[in-house]
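*Asks:* The lines below spell out each chain.
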Amino acid sequence: MPKIEVDKALIKKVATSARLSLSEEELEKFVPQIKEIILDSFSKLDELDAKEEPSFQPIKMSNRFRADEVKPCLTLDEALKNVLPSLRENGYIKGPKPM
Amino acid sequence: MAQQKSVRDFVEAAKKDFSIVEKNLGQALDDLRESQKNGLNYIEAFDETLIVPQLEALRKFQKKGKLFGVPITVKDALCVKGLESKAGSKILKGYVPLFDATAVAKAREEGAIILAKTTQDEFGFGTFATNTEKVPKNPFDNSRSCGGSSGGAGGFTKYTSAVHVAIGESTGGSIAAPASFCGVAGLTPTYGVVSRYGLIDYANSLDKIGALGKTVDDASILLEAISGFDELDSTSLDAKFIAEKGAGQIKKVAVIKDFVEGCDEEVKKIFAAALEKLRKKGIVVEEVTLPLNSRYALAAYYIIATCEASTNLAKLSGLRYGEQGEVEGKHFDEYFSEIRSKFFTAEAKRRIILGTFARMSGYRDAYYLKAMKVRTKLINEFNAAFKNYDLLICPTMPVVAPRFEDISKLTPMQNFAMDLCTVPANLAAMPHLSINAGISSSGLPVGLMAIAPHLQEKRLYDFGKVAEE
Chain A
0 MPKIEVDKAL IKKVATSARL SLSEEELEKF VPQIKEIILD SFSKLDELDA
50 KEEPSFQPIK MSNRFRADEV KPCLTLDEAL KNVLPSLREN GYIKGPKPM
Chain B
0 MAQQKSVRDF VEAAKKDFSI VEKNLGQALD DLRESQKNGL NYIEAFDETL
50 IVPQLEALRK FQKKGKLFGV PITVKDALCV KGLESKAGSK ILKGYVPLFD
100 ATAVAKAREE GAIILAKTTQ DEFGFGTFAT NTEKVPKNPF DNSRSCGGSS
150 GGAGGFTKYT SAVHVAIGES TGGSIAAPAS FCGVAGLTPT YGVVSRYGLI
200 DYANSLDKIG ALGKTVDDAS ILLEAISGFD ELDSTSLDAK FIAEKGAGQI
250 KKVAVIKDFV EGCDEEVKKI FAAALEKLRK KGIVVEEVTL PLNSRYALAA
300 YYIIATCEAS TNLAKLSGLR YGEQGEVEGK HFDEYFSEIR SKFFTAEAKR
350 RIILGTFARM SGYRDAYYLK AMKVRTKLIN EFNAAFKNYD LLICPTMPVV
400 APRFEDISKL TPMQNFAMDL CTVPANLAAM PHLSINAGIS SSGLPVGLMA
450 IAPHLQEKRL YDFGKVAEE
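Which chain is which? The protein sequence lines are A and B, in order. Sequential numbering of the first sequence, starting at 0, is according to numbering that gives the first Met the number 0. Sequential numbering of the second sequence, starting at 0, is according to numbering that gives the first Met the number 0.
The hints are all genuine.
The list that follows gives simulated cross-link-like pairs (lysine-lysine, PhoX-like), each with its CA atoms no further than 20 Å apart: (1) B:Lys372 with A:Lys50; (2) B:Lys63 with B:Lys14; (3) B:Lys329 with A:Lys96; (4) A:Lys28 with B:Lys348; (5) B:Lys341 with A:Lys28; (6) A:Lys11 with B:Lys341; (7) B:Lys279 with B:Lys268; (8) A:Lys43 with B:Lys376; (9) B:Lys22 with B:Lys65; (10) B:Lys341 with B:Lys133; (11) A:Lys11 with A:Lys28; (12) A:Lys59 with B:Lys376; (13) A:Lys70 with B:Lys80; (14) A:Lys28 with B:Lys408; (15) A:Lys59 with B:Lys386; (16) A:Lys34 with B:Lys408; (17) B:Lys348 with A:Lys34; (18) A:Lys2 with A:Lys34; (19) A:Lys12 with B:Lys341; (20) A:Lys80 with B:Lys89; (21) B:Lys92 with A:Lys80; (22) B:Lys314 with A:Lys93; (23) B:Lys348 with A:Lys11; (24) B:Lys314 with A:Lys80; (25) B:Lys348 with B:Lys314; (26) A:Lys43 with B:Lys372.
Here are some, though not all, of the chain A residues that point toward chain B, as calculated from beta-carbon distances under 7 Å: (27) Phe41; (28) Ala49; (29) Pro57; (30) Val82; (31) Leu83; (32) Gly94.
Simulated from the structure, these hints should not be mistaken for lab results. Just so it is clear, CB atoms sit at the ideal spot from N, CA and C, and this is done for glycine as well.
Next comes chain A alone, as it looks inside the complex (with noise of 0.2 Å):
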């Protein structure tokens, strides 16, 4: 087991790797309640040597195939009926800038 350090560095930069920015006052709302959750809750896998086979899966599957047919799909103006009118742009979404 790596050893954690479970203080504001960690959490902050773990929120701002998963695209969350927190105010100062929820860093220290969760900081104590994340420490306990891991160091009384996960860690206490580390009490057991596990060498099965991950379950990613509950139950045995196996993988199926289907014919490669063209279905129905949604048209132009289904898929864009979700997003907000002043981001729809001649049949394209505007997305904020990627660099």
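Following the hints, complete the assembly by docking chain B onto the known chain A.
*Replies:* Just chain B, lined up with the frame of chain A:
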């Protein structure tokens, strides 16, 4: 009046006399409006203009299905065409799906009338349906929780006198908990039995769509209608559930002793009385312990659930649907952070941070991967117990429905601990049923939960029918 009828009897009668459908629908609508007027918050989205066309289509409906004329409510997390669907969140406000979730479409094919969407914790993040704007109030006592996350579904199922069933969804106990607190039946199938297509997901390997009803039979008919393979969900199983008695005779069950020990005295008392009744009905009741599940299931569950949730919620970034803002001149990091920080609640933020942390390089193997391996151990522990018993049983919730003022005092860890009995079966994807075991001295319902091996929903059906008699 149709109010005392079971879904089965109602459908039979409705096929011969359409006025029964109209009368029952009128009752359901009256109850819905009355619940809204009284601020009971069972209903998240309702559009009256969508009701009459459904009724008219049904009048001409040639194939009179298993849910012919039955009004059903749908947990907000499932997409319903033309009806705002936001999984109890603020960030999806205004999102109107262009399609039905498969479970909803299947219910329609069987003749159901989609009445409304029911309230829930934001994305299913909660045990009490309090992590949302419209908090549903318990029909037994309005100062108490309906349970979560499918709280509106449990509340309205109890509240309405009309023939009605509710589609719910469970990730860690979100069907069983409200069923228990509201005194109704809640049936959660094996993972994969109901297609997740069109579900606004919480945790992909844990989410299960299921059914709530006034009785086991009512809930089971709904589950039968919505189950079955769907090529639109890659984890869907070819396992149609049929609600028929006699398929899974129950002879011997075991009480999960370590789960019972964590329960309040008033819950234990009602549970013990229910066990006596089962014995009198000829069911052998013994005891087992599940030491690994009782010690490690909550930790493994919350790691897996938050990891999966944190990736799922990454798509909610203020583009294409739901809450959107001004993008001009903004970098995408800035814009996404702005929308997400503004519209996710504290509970969602906390879970996203926990899940992101547990997947981070350096921690992934220690937390996420370890939890998945532990999950295998926990499934094996269940399967070993099922070698000797048809079902495992325990109280559904360790407490009766708590007061809102007491819930607000719980720390996140204390909150998670309330899922002690419901999380293990959910993590292991075992089908489970919660039925009312009786009313406590404080006048509140106590739930009894039965857990069956994978794909043995029929055992739950038989058990539930016997236990309810």
